[in-house]
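Starting from the given sequences, assemble the full structure and let the hints guide the process.
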Amino acid sequence: MTAHEANDLFMWAMLILFCSGWVFALFIGLSADHFLKKGDRK
1 MTAHEANDLF
11 MWAMLILFCS
21 GWVFALFIGL
31 SADHFLKKGD
41 RK
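Using this note's numbering, you'd call the opening residue of the sequence shown number 1 and step up by one each time.
No lab work stands behind these hints, which were simulated from the structure alone.
Treat the hints with caution; some may be incorrect.
[Stated by the list, open to error] Here are the computed lysine to any residue pairs in the SDA-like style, where the Cα-Cα straight-line distance is at most 25 Å:
{"hint": "1", "residue 1": "LYS38", "residue 2": "LEU17"}
{"hint": "2", "residue 1": "LYS37", "residue 2": "LEU26"}
{"hint": "3", "residue 1": "LYS37", "residue 2": "PHE24"}
{"hint": "4", "residue 1": "LYS38", "residue 2": "LEU26"}
{"hint": "5", "residue 1": "LYS38", "residue 2": "ILE28"}
{"hint": "6", "residue 1": "LYS37", "residue 2": "TRP22"}
{"hint": "7", "residue 1": "LYS38", "residue 2": "CYS19"}
{"hint": "8", "residue 1": "LYS37", "residue 2": "ALA25"}
{"hint": "9", "residue 1": "LYS37", "residue 2": "PHE27"}
{"hint": "10", "residue 1": "LYS38", "residue 2": "PHE27"}
{"hint": "11", "residue 1": "LYS38", "residue 2": "PHE24"}
{"hint": "12", "residue 1": "LYS37", "residue 2": "MET14"}
Here is the structure:
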């Protein structure tokens, strides 16, 4: 594996981690918002 290939692989790994982390954070935020609204209705 050349240095260029390793660099591309690292870039893709970071991109995937960033995207999955962003989706996970968004999901957690929406879930928390949903539970807070559910709690207010009582």
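To see whether the hints hold, each was checked on the structure:
| no. | hint | result |
| --- | --- | --- |
| 1 | LYS38 - LEU17 | violated, 31 Å |
| 2 | LYS37 - LEU26 | holds, 16 Å |
| 3 | LYS37 - PHE24 | holds, 20 Å |
| 4 | LYS38 - LEU26 | holds, 18 Å |
| 5 | LYS38 - ILE28 | holds, 15 Å |
| 6 | LYS37 - TRP22 | holds, 22 Å |
| 7 | LYS38 - CYS19 | violated, 29 Å |
| 8 | LYS37 - ALA25 | holds, 18 Å |
| 9 | LYS37 - PHE27 | holds, 15 Å |
| 10 | LYS38 - PHE27 | holds, 16 Å |
| 11 | LYS38 - PHE24 | holds, 21 Å |
| 12 | LYS37 - MET14 | violated, 34 Å |
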